[in-house]
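Protein chains: 2
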Amino acid sequence: MQNSIRIPPDQMKSEFVRILIKNGFNKTRAEKCADIFTTNSLEGVYSHGVNRFPKFIENIHKGYIHPDAEPSLVVAAGALEQWNGNLGPGPLNAVVAAERSMELSKNYGLGMVAIGNTNHWMRGGIYGWMAAKKGYVLIAWTNTEANMPAWGAKDFRIGNNPLVIAIPYGNEAIVLDFAMSQYSYGKLEQYSLEGKRLPYPGGFDRNGTLTDSPDEILATRRALPAGYWKGSGLSLLLDILASILSGGLSTSQISVLGAEYALSQVFIAVGIKQLPNYPGIEKSIVGIIRDLKGSIPVDPDNPVRFPGENTISIREQNRKDGIPVNKQVWRKILAL
Amino acid sequence: MQNSIRIPPDQMKSEFVRILIKNGFNKTRAEKCADIFTTNSLEGVYSHGVNRFPKFIENIHKGYIHPDAEPSLVVAAGALEQWNGNLGPGPLNAVVAAERSMELSKNYGLGMVAIGNTNHWMRGGIYGWMAAKKGYVLIAWTNTEANMPAWGAKDFRIGNNPLVIAIPYGNEAIVLDFAMSQYSYGKLEQYSLEGKRLPYPGGFDRNGTLTDSPDEILATRRALPAGYWKGSGLSLLLDILASILSGGLSTSQISVLGAEYALSQVFIAVGIKQLPNYPGIEKSIVGIIRDLKGSIPVDPDNPVRFPGENTISIREQNRKDGIPVNKQVWRKILAL
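Each protein sequence line maps, in turn, to chains C and R.
Taking my numbering, the leading residue of the first sequence gets 1, the next gets one more, and so forth.
Taking my numbering, the leading residue of the second sequence gets 1, the next gets one more, and so forth.
These aren't lab readings, by the way, just hints derived from the structure by calculation.
Watch out, some of these pointers could steer you wrong.
Remember, identical chains collapse to one label, so a pair may be satisfied in a single copy or spanning two.
Listed next, the in silico BS3-like pairs over lysine-lysine satisfying Cα-Cα at most 30 Å (straight line) [as the list claims (entries may be wrong)]:
1. 154 with 320
2. 293 with 187
3. 273 with 283
4. 187 with 154
5. 154 with 32
6. 133 with 332
7. 154 with 283
8. 154 with 22
9. 196 with 154
10. 283 with 32
11. 293 with 154
12. 196 with 27
13. 283 with 187
Please read these numbers as outputs of a predicted model, since none were measured by experiment.
With the hints as constraints, model all of the structure from the sequences given.
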């Protein structure tokens, strides 16, 4: 970590605000967007926080992201709405869509917003955290460009299409946020740079054999769908749903654009606080987590954790110590 | 296959009807339930069709399944309803819940039915096929008793909680139906009996190393969640959702009953035919599948298939040749 410095969250956010305003965001929208990039970093998802910020600005310059575009309602069908993201900033569009699904859920018990023609949402988990902290269950997913071979294939035809499921848990949340590839290319490159093998097989080598060598996988580009054929199938179905429900583009259509933009996403919210059995719900969730954490761990020093549990500790540490940032990345951002 | 005979679907169904009526089903319900067990077998899911039928009858005798119980509405909250399965037959309850979610979707754009206190739905995919053939998207899942260690654990605390996603596709459907364990115990036992290794690692051996030996996994009982930590997390979240949304039991609560009954399930239907972009939707699905099938296969003799594609060919073959059944299993059924 000698190449990294610690930046206080407030300082990071002000830099982001400054740069976003310089790039066409009004103050309110710059604040909101900067907050998302900062929170993603604060909570340890640097790849879709501070490290990704320069690329986000680059995509504005290239015209893929329209800083002032806001999403618009296309079809209202009761608890289900289709929206057009108008190529606005992915994180801001995602917040509008998630909040609208919560609004719909107030009227209908649950709400679904499918949004096409939007942009990369960065880290899906953050919308899960937002919704869960307001007392909603959120199920959301996005498609991506093709970046993984389908099961049994050699060439990229499916996306890694991250899926988020978030559930309120006391003042915090249980948030599952996972891509359909076992490891991201970013993770494979990190292991390769560090000269390490993957903890578990993550793709295929030149002979078509499962391997834990990041270099072999980076060479074949045959990254492993999570759960082999299962993650491959789930990726396909999430893409079909995102594109048909929103009326937006599918992974195969995005992949011919030459850059990853104009994505399709789905947000489903359920207002569990409105349910008559809500007091029981809180108790029930606590009971399930208690049971999980009663598991006999394989490694006594590593008790079983629930999805999102690490986020809480990382957030606390980074709030105290500052957010770790690669010096070069930070210098690049200061120069934007 | 010398131990198996081929039974025409109609003959299989009449046997099931006869036995169900003998065990407390009225004629209409016996026909419906027999049809599900027969179709599951016809479509190649013998483990949750003909092979499971004797156990289903046994569970009636043991009082876990109440043949004449029908599900009842507990809470109506717009597009979301909570139902009590009243321990009725799982397949019949699942049909009521799936159909009710489609009804709700007619009024609200989408519909969600969460049903607690129900029973094993056998093969979730069949409700997906039913809904998709009527023009609905269906997302459904069930919890189960604990039958898998969470990621990093040694003892069973999570279920394999199958998830189904179904999408209309011409006169057929794209149906993903998968459990959160990489291989079922039935599959592990089958490989063990045949003296074969698994095609891919499916669990851990005595040293805590990933293995493709079914015997080692059957010994440690440490079956692998699909996608390692990803399937483990998804299993947990599906269980929390199924139990809190239905007001029913969670995996940990089911696991203390001493038998697998009183399960919780969720059915979400979306009536895509009602959407203004429906004509485009059909075309879009065809385009996505065409792109997928354009993949360069690893094995030129094994083109990439979409989830559910095998079902169509197995169904045709079994309709022509009869459903293959182990002679002993069939004898057992005839004697019921």
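To see whether the hints hold, each was checked on the structure:
no., hint, result
1, 154 with 320, "neither (46 Å within a copy, 35 Å between copies)"
2, 293 with 187, "both (27 Å within a copy, 29 Å between copies)"
3, 273 with 283, "within (13 Å within a copy, 40 Å between copies)"
4, 187 with 154, "both (20 Å within a copy, 27 Å between copies)"
5, 154 with 32, "neither (41 Å within a copy, 43 Å between copies)"
6, 133 with 332, "neither (34 Å within a copy, 54 Å between copies)"
7, 154 with 283, "between (47 Å within a copy, 26 Å between copies)"
8, 154 with 22, "neither (43 Å within a copy, 54 Å between copies)"
9, 196 with 154, "both (25 Å within a copy, 26 Å between copies)"
10, 283 with 32, "neither (33 Å within a copy, 38 Å between copies)"
11, 293 with 154, "between (40 Å within a copy, 12 Å between copies)"
12, 196 with 27, "neither (44 Å within a copy, 64 Å between copies)"
13, 283 with 187, "neither (37 Å within a copy, 36 Å between copies)"
Violated hints for the displayed structure, listed by number in ascending order: 1, 5, 6, 8, 10, 12 and 13.
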